[in-house]
Amino acid sequence: MKVAVVGKGGAGKTTTSSVVARVLARGGASVVALDGDTNPNLGLSLGVGFDETERLVGMRQALDADEGDGDDHAADWDDLLDRFASTGPDGVQFAVVSQIDNPDPGCP
Amino acid sequence: MTSTSSASDTADARPLRTAFVGKGGAGKSAIVGTFARLLARADDEPVLVLDSDPMPGLAFTLGLEIDDAGIDDAAVVERAEGEEGPRFRLRPGLSAEDAVEAYATVAPDGVRFLQIGNLRGGVGSIMRSQHAFHQIKSELPRNRWHVIGDLPGGTRQPFLGWAGFADSVVVVIEASAKGLLSGRRFAKLAGSVVEPDRLFAVVSKARSSDDAQQVESRTGLRVIESIPWDDAFADAEREGLAPLDAVPDAPAIQQIQSLVHALQGVLT
Ligand SMILES: Nc1ncnc2c1ncn2[C@@H]1O[C@H](COP(=O)(O)OP(=O)(O)OP(=O)(O)O)[C@@H](O)[C@H]1O
Ligand SMILES: [Mg+2]
Numbered sequence: 001m002k003v004a005v006v007g008k009g010g011a012g013k014t015t016t017s018s019v020v021a022r023v024l025a026r027g028g029a030s031v032v033a034l035d036g037d038t039n040p041n042l043g044l045s046l047g048v049g050f051d052e053t054e055r056l057v058g059m060r061q062a063l064d065a066d067e068g069d070g071d072d073h074a075a076d077w078d079d080l081l082d083r084f085a086s087t088g089p090d091g092v093q094f095a096v097v098s099q100i101d102n103p104d105p106g107c108p
Numbered sequence: 109m110t111s112t113s114s115a116s117d118t119a120d121a122r123p124l125r126t127a128f129v130g131k132g133g134a135g136k137s138a139i140v141g142t143f144a145r146l147l148a149r150a151d152d153e154p155v156l157v158l159d160s161d162p163m164p165g166l167a168f169t170l171g172l173e174i175d176d177a178g179i180d181d182a183a184v185v186e187r188a189e190g191e192e193g194p195r196f197r198l199r200p201g202l203s204a205e206d207a208v209e210a211y212a213t214v215a216p217d218g219v220r221f222l223q224i225g226n227l228r229g230g231v232g233s234i235m236r237s238q239h240a241f242h243q244i245k246s247e248l249p250r251n252r253w254h255v256i257g258d259l260p261g262g263t264r265q266p267f268l269g270w271a272g273f274a275d276s277v278v279v280v281i282e283a284s285a286k287g288l289l290s291g292r293r294f295a296k297l298a299g300s301v302v303e304p305d306r307l308f309a310v311v312s313k314a315r316s317s318d319d320a321q322q323v324e325s326r327t328g329l330r331v332i333e334s335i336p337w338d339d340a341f342a343d344a345e346r347e348g349l350a351p352l353d354a355v356p357d358a359p360a361i362q363q364i365q366s367l368v369h370a371l372q373g374v375l376t
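Top to bottom, those sequences are chains E and Y. Just so we're aligned, residue 1 is where the first sequence starts under this note's numbering, counting upward by one. Just so we're aligned, residue 109 is where the second sequence starts under this note's numbering, counting upward by one.
The set of hints was computed from the structure by calculation and includes no laboratory data. Here the structure is a predicted model, which means the values were calculated and not measured. We put the CB at the ideal spot given by N, CA and C, even for glycine. Keep in mind that a hint or two might mislead.
Stated by the list, open to error - Below, a list of computed lysine to any residue pairs in the SDA-like style, where the Cα atoms sit at most 20 Å apart:
id, chain 1, residue 1, chain 2, residue 2
1, E, Lys8, Y, Pro162
2, Y, Lys296, E, Ala62
3, E, Lys2, E, Gly91
4, E, Lys13, Y, Ser284
5, E, Lys13, E, Ala25
6, Y, Lys296, E, Phe50
7, Y, Lys296, E, Ala25
8, E, Lys13, E, Met1
9, E, Lys8, E, Val19
10, E, Lys13, Y, Ala285
11, Y, Lys296, Y, Arg326
12, Y, Lys296, E, Met1
13, E, Lys13, Y, Lys296
14, E, Lys13, Y, Leu288
15, Y, Lys296, E, Lys2
16, E, Lys8, Y, Ala342
17, E, Lys8, Y, Lys296
18, E, Lys8, Y, Arg326
19, E, Lys8, Y, Arg330
20, E, Lys13, E, Val97
21, E, Lys2, E, Phe84
22, Y, Lys296, Y, Arg330
23, Y, Lys296, Y, Ala285
24, E, Lys2, E, Leu24
25, Y, Lys296, E, Arg55
To be verified - The following residues of chain Y were derived to be distant from chain E, with all beta-carbon distances above 12 Å:
id, residue
26, Arg197
27, Arg315
28, Leu375
Hey, can you work out the whole structure from these sequences and the hints?
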């Protein structure tokens, strides 16, 4: 299943998502947790720690800095996870999919 | 364009042009709503509060029951075929100041309140009010009007030009793990928007005397005020009441009052 968690600032989206992800993983599911916040903190709630959270944020940002495409497009989902996800407590795979320095212009 | 600050005009007090930014739920709207009213009480210049969050929130803290304070569609005209410029603008003859006087909602203490519009009718429904909002932001005369912006949580809006009206930025930070990490990111991003001496941190929901110290050391920002965690303030907010009316003597309100003085002291 694929679940998106949305809501007002401070409502508990990140905290709730992280607990849901870990509980599912403990139940035997394979779980991927994606942080789509422009201010990504999900790593902290999942328990991967400051440094790893910041490393994944940095990795996401480096993607935009490096415009050169061509043949290094990821082949598929598993390839993307290999390259950009980190495995946290309970085996939850975690990746940052937003980035903060140059968010897309547009609607509020 | 607007006039720029120079050594020669520092004699006149310049109104505040301040954007409040920070992590979702940090307390921006709670602070701004109270701050704006206390500023209006303390100063003769009129106060305009800009709410660019399409979700409701700030209006309650101000003491308004409405949740839609976008500019009326009637104030806006569509660009004629072949004309240059944005698709919508204020109708000819209606200045930014006129538009505020005529269409902004009047909140207690005379604060003018303007929202980008809400998304009740979908994103398309705020096109007109959104354009008017941006035009007012950039054209309102700098020598009158305090302009205080409450930006939505996160880094998307503040650093995409939505804080462009501001010459000072306050980052609202809770001294929690996530709050501090976020604060560090905001500090980095805001450095490119305003001068370092016009960038401040306000500690929100402070629980210990150590919080301010933590914020300073983790973010490198100067803490200009700490607002304590305050149950009475939180209860008023929960009820949808303006804390300033419901619990005027609450500790958080006293600190927001000192924030008004502190910012006026450094910036005007
Ligand atoms: N000093 C305080 N003491 C207790 N509760 C507070 C305090 N300041 C804010 N709050 C509460 O914290 C919650 C979040 O505040 P608020 O809505 O102002 O945050 P925000 O930063 O504007 O959020 P968003 O990012 O969604 O716009 C509210 O319930 C508010 O009442
Ligand atoms: Mg808010």
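The hints, checked one at a time:
no. : hint                : in the structure
1   : E:Lys8 / Y:Pro162   : holds (11 Å)
2   : Y:Lys296 / E:Ala62  : holds (16 Å)
3   : E:Lys2 / E:Gly91    : holds (17 Å)
4   : E:Lys13 / Y:Ser284  : holds (16 Å)
5   : E:Lys13 / E:Ala25   : holds (18 Å)
6   : Y:Lys296 / E:Phe50  : holds (17 Å)
7   : Y:Lys296 / E:Ala25  : violated (35 Å)
8   : E:Lys13 / E:Met1    : holds (18 Å)
9   : E:Lys8 / E:Val19    : holds (18 Å)
10  : E:Lys13 / Y:Ala285  : holds (16 Å)
11  : Y:Lys296 / Y:Arg326 : holds (12 Å)
12  : Y:Lys296 / E:Met1   : violated (37 Å)
13  : E:Lys13 / Y:Lys296  : violated (24 Å)
14  : E:Lys13 / Y:Leu288  : holds (18 Å)
15  : Y:Lys296 / E:Lys2   : violated (33 Å)
16  : E:Lys8 / Y:Ala342   : holds (16 Å)
17  : E:Lys8 / Y:Lys296   : violated (24 Å)
18  : E:Lys8 / Y:Arg326   : violated (26 Å)
19  : E:Lys8 / Y:Arg330   : violated (28 Å)
20  : E:Lys13 / E:Val97   : holds (16 Å)
21  : E:Lys2 / E:Phe84    : holds (19 Å)
22  : Y:Lys296 / Y:Arg330 : holds (13 Å)
23  : Y:Lys296 / Y:Ala285 : holds (17 Å)
24  : E:Lys2 / E:Leu24    : holds (12 Å)
25  : Y:Lys296 / E:Arg55  : holds (16 Å)
26  : Arg197              : holds (19 Å)
27  : Arg315              : holds (15 Å)
28  : Leu375              : holds (26 Å)
Hints 7, 12, 13, 15, 17, 18, 19 from the list above are not met by this structure, while the remaining hints are.
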